[in-house]
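S.K.: So the chains spell out like this:
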Amino acid sequence: MEKIISIENLNYTYPESKKPAIKDLSLDIYKNEWLSIVGKNGSGKSTLTKLIDGLIEASSGTITIAGQVINEENIWDARKRIGIIFQNPDHQFVGATVEDDVAFGLENQGMPREDMIKEVDRALALVKMSDFKTRDPQSLSGGQKQRVAIAGVLATKPQIIIMDESTSMLDPDGRKTVLDLVQQLRKQQDLTIISITHDIEETELSQRIVVLNDGQIVKDGKPVDIYDLGSNLRKYGLEEPFSSKLMSIIRVTEKLPEGYLSEEELKQQLWKLHSNM
Amino acid sequence: MDKIILGRYLPGDSIIYRLDPRGKFLLTFYFVGIVFLANNVASYAFLLAFVLFAVYLSKINFGFFIKGLRPIFWLILFTVALQLFFTPSNHPLWHWGILTFSKEGMVIAGYIFIRFVLIIFISTLLTLTTTPIEISDSIESILKPLKKINFPVTQVALMLSIALRFVPLLVDETTKIMDAQRARGVDFGEGVLIKRIKSFVPILIPLFVSSFSIAYDLAIAMESRGYKDGEGRSKYRVLSWDKRDNLMVLFMAVVTIILLFLRSY
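Here the protein sequences line up with chains A and B, keeping their order.
Using this note's numbering, you'd call the opening residue of the first sequence number 1 and step up by one each time.
Using this note's numbering, you'd call the opening residue of the second sequence number 278 and step up by one each time.
The reader is advised that the hints may include incorrect statements.
Distance condition first, Cα-Cα at most 27 Å in a straight line; then the derived BS3-like pairs of lysine-lysine [claimed, not checked]:
| hint | chain 1 | residue 1 | chain 2 | residue 2 |
| --- | --- | --- | --- | --- |
| 1 | A | K19 | A | K50 |
| 2 | A | K18 | A | K80 |
| 3 | A | K157 | B | K512 |
| 4 | A | K176 | A | K245 |
| 5 | B | K424 | A | K133 |
| 6 | A | K18 | A | K187 |
| 7 | A | K245 | A | K31 |
| 8 | A | K133 | B | K425 |
| 9 | A | K3 | A | K157 |
| 10 | A | K19 | A | K31 |
| 11 | A | K272 | A | K40 |
| 12 | B | K380 | A | K133 |
| 13 | B | K425 | A | K80 |
| 14 | B | K512 | A | K128 |
| 15 | B | K336 | B | K425 |
| 16 | B | K336 | B | K424 |
| 17 | A | K118 | B | K453 |
| 18 | A | K219 | A | K272 |
| 19 | A | K235 | A | K187 |
| 20 | A | K40 | A | K18 |
| 21 | A | K187 | A | K219 |
| 22 | B | K424 | A | K118 |
| 23 | A | K50 | A | K18 |
| 24 | B | K505 | A | K50 |
| 25 | A | K31 | A | K3 |
| 26 | A | K157 | B | K505 |
| 27 | A | K50 | A | K219 |
| 28 | A | K19 | A | K3 |
| 29 | A | K80 | A | K235 |
| 30 | A | K219 | A | K235 |
| 31 | B | K512 | A | K80 |
| 32 | A | K245 | A | K219 |
| 33 | B | K520 | B | K421 |
It should be emphasised that the hints constitute simulated quantities derived from the structure, not laboratory data.
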């Protein structure tokens, strides 16, 4: 697998605090991977995204994006490869209408107007928001706003999309639409997704989960392995997944196989136990 | 907040809507200027007819323009009253102390009243038919010559459009904070002046703090989307000046000539 982001011995301390936010962190992220970074508030998740995008400067360590070590000169090039969708859709809108906002990133690249019109239409069609083109962002729902934010990021054709708690302000429906959309785009366009969240249920679409605590990676593995930690996840400020909770209740009376089962697997297992055939 | 018509945009479609916003913007200012040239009944009547014609062309319900007058109703009344009672005259109809009431006073008060109406109507027409973003685009394009003296035109335009875009959000935020403070027992609009002013502190401080955090989030989001310093950017939104707009300028010139003629008539 091809590495797209490689982080080595990264350190960062906020100017106003004594405790480092990121402590000697090393992490490789591969192409087309969906990586979830989880951890409680203040574990350094958001700081890490800002470091990757060069929005804040690391105290020490290196970040390599697509084979290039990031420094002050090439950060704008690196940024073109990365699109970030932030938490609060209201705070990331720049444009006065949906189309203006989607065009913002393209305007920054100095793209000629004729191409921009095509790109804006393409990006809005991808997120199924074409009918809302001339609408004022204030008149949209939270999920629609977040889809426009995704369109704004997609218009610039990034290779990496970082979702910084992008679904935390959406209702369950809006969250599902946004996550399904991102999954679909990842498959279609060979994108790398880095999703940051403190909701363990939200990581089910990912291929790999990194658990961050106090600015350090404490666990790194496949979702099944992480979910298998069960109640130990609480140590890192994370909720136990639903089926894991359910299993510990069922285990009292029933015999279940060792290890983590997804909701579907658990259902099958229960059918098996109770069928008389 | 819903009652204020001044500065609000009303979606619609008519010839006035389709005019180039730059032209509309400049000509509105120009018109406000030439209103002061009118000096007799004929010239005022002519300008009033012109404004009513423009209002008619916009196809907007006339009621909106009347509503536009409402917030400054008391100001108009006050000014008209001052003119009515303080215009010196040799043949006063009524006289008491420093107050004089005369035919001249009545005429001048009438002029002032019409002047207010004309200015409010024409500026309401501009804001009702032009979106805020069109206005900020116009300002950017009008200020463009200032670039030569290193005036940061693009940055000012961006600030203006962001400010306009965040007005409804901050209004929402203010209502939310007010409700939250009310729920905690803060009483707005009660008591003497000093107490009333003091009760606004619990709104202002959270509002400032949240503006700062919005500004920070927005700046980060803009930077992550590749916004450098306004240089080397292309523009998605382009204003186009066509035949209609030339016609509007021509029409305005004719209006000025007729006005000058009526003035010396």
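S.K.: Run every hint past the structure and note whether it holds.
M.R.: Results of checking the hints against the structure:
This hinted pair checks out: K19(A) and K50(A) have alpha carbons roughly 18 Å apart, not beyond 27 Å. At most 27 Å may separate the alpha-carbon atoms for a hinted pair to count; K18(A) and K80(A) exceed this at roughly 33 Å. A threshold of 27 Å between alpha carbons decides the hint, and for K157(A) with K512(B) the separation of about 19 Å falls inside it, so the pair holds. Straight-line distance between C-alpha atoms of K176(A) and K245(A) comes to about 22 Å, which keeps the hinted pair within the 27 Å bound.
For the hint pairing K424(B) with K133(A), the CA-to-CA distance comes to about 32 Å; that exceeds 27 Å, so the pair is violated. At most 27 Å may separate the alpha-carbon atoms for a hinted pair to count; K18(A) and K187(A) exceed this at roughly 42 Å. Distance check on the hinted pair: K245(A) and K31(A) sit about 33 Å apart at the alpha-carbon level, beyond 27 Å; violated. Between K133(A) and K425(B), the direct Cα distance comes to roughly 35 Å. Violation of the 27 Å bound is thereby established for this hinted pair.
At roughly 19 Å between alpha-carbon atoms, K3(A) and K157(A) fall within 27 Å of each other, so this suggested pair holds. About 32 Å separates the Cα atoms of K19(A) and K31(A), which puts this hinted pair outside 27 Å; it is violated. Only pairs whose Cα atoms come within 27 Å are accepted, and K272(A) paired with K40(A) is rejected, the gap being roughly 37 Å. A threshold of 27 Å between alpha carbons decides the hint, and for K380(B) with K133(A) the separation of about 58 Å lies outside it, so the pair is violated.
Distance restraint check for K425(B) and K80(A): the Cα-Cα separation of roughly 31 Å exceeds the 27 Å cut-off, and the hinted pair is therefore not satisfied. Proposed proximity of K512(B) and K128(A) is supported: the alpha carbons are some 24 Å apart, at most 27 Å. Between K336(B) and K425(B) the alpha-carbon distance is near 41 Å, which puts this suggested pair outside the 27 Å criterion. In summary, the hint linking K336(B) to K424(B) is not supported, as the alpha carbons are separated by about 38 Å, beyond the 27 Å threshold.
Taking the CA atoms of K118(A) and K453(B), the gap is about 39 Å. The hint is violated against a cut of 27 Å. Proposed proximity of K219(A) and K272(A) is contradicted: the alpha carbons are some 33 Å apart, above 27 Å. Proposed proximity of K235(A) and K187(A) is contradicted: the alpha carbons are some 34 Å apart, above 27 Å. Our distance criterion of 27 Å between C-alpha atoms is met by K40(A) and K18(A), whose separation comes to about 19 Å.
Between the alpha carbons of K187(A) and K219(A) the distance comes to roughly 26 Å, so the proposed pair stays at or under 27 Å and holds. Restraint check for K424(B) and K118(A): not satisfied, since their Cα atoms lie roughly 30 Å apart, outside the 27 Å limit. At roughly 19 Å between alpha-carbon atoms, K50(A) and K18(A) fall within 27 Å of each other, so this suggested pair holds. As the CA atoms of K505(B) and K50(A) are separated by approximately 16 Å, the hinted pair is consistent with the 27 Å bound.
Taken as a hint, the K31(A) and K3(A) pair is honoured in the structure, with Cα atoms around 6 Å apart against an allowance of 27 Å. The suggested pairing of K157(A) with K505(B) holds, with an alpha-carbon distance near 18 Å, which does not exceed 27 Å. The suggested pairing of K50(A) with K219(A) holds, with an alpha-carbon distance near 21 Å, which does not exceed 27 Å. Taking the CA atoms of K19(A) and K3(A), the gap is about 30 Å. The hint is violated against a cut of 27 Å.
Between K80(A) and K235(A) the alpha-carbon distance is near 37 Å, which puts this suggested pair outside the 27 Å criterion. Restraint check: the Cα-Cα separation between K219(A) and K235(A) comes to about 12 Å, which is no more than 27 Å; the hinted pair holds. This hinted pair checks out: K512(B) and K80(A) have alpha carbons roughly 18 Å apart, not beyond 27 Å. Only pairs whose Cα atoms come within 27 Å are accepted, and K245(A) paired with K219(A) is accepted, the gap being roughly 20 Å.
Proposed proximity of K520(B) and K421(B) is supported: the alpha carbons are some 23 Å apart, at most 27 Å.
In terms of the numbered hints stated before, the structure departs from hints 2, 5, 6, 7, 8, 10, 11, 12, 13, 15, 16, 17, 18, 19, 22, 28 and 29, listed from lowest to highest.
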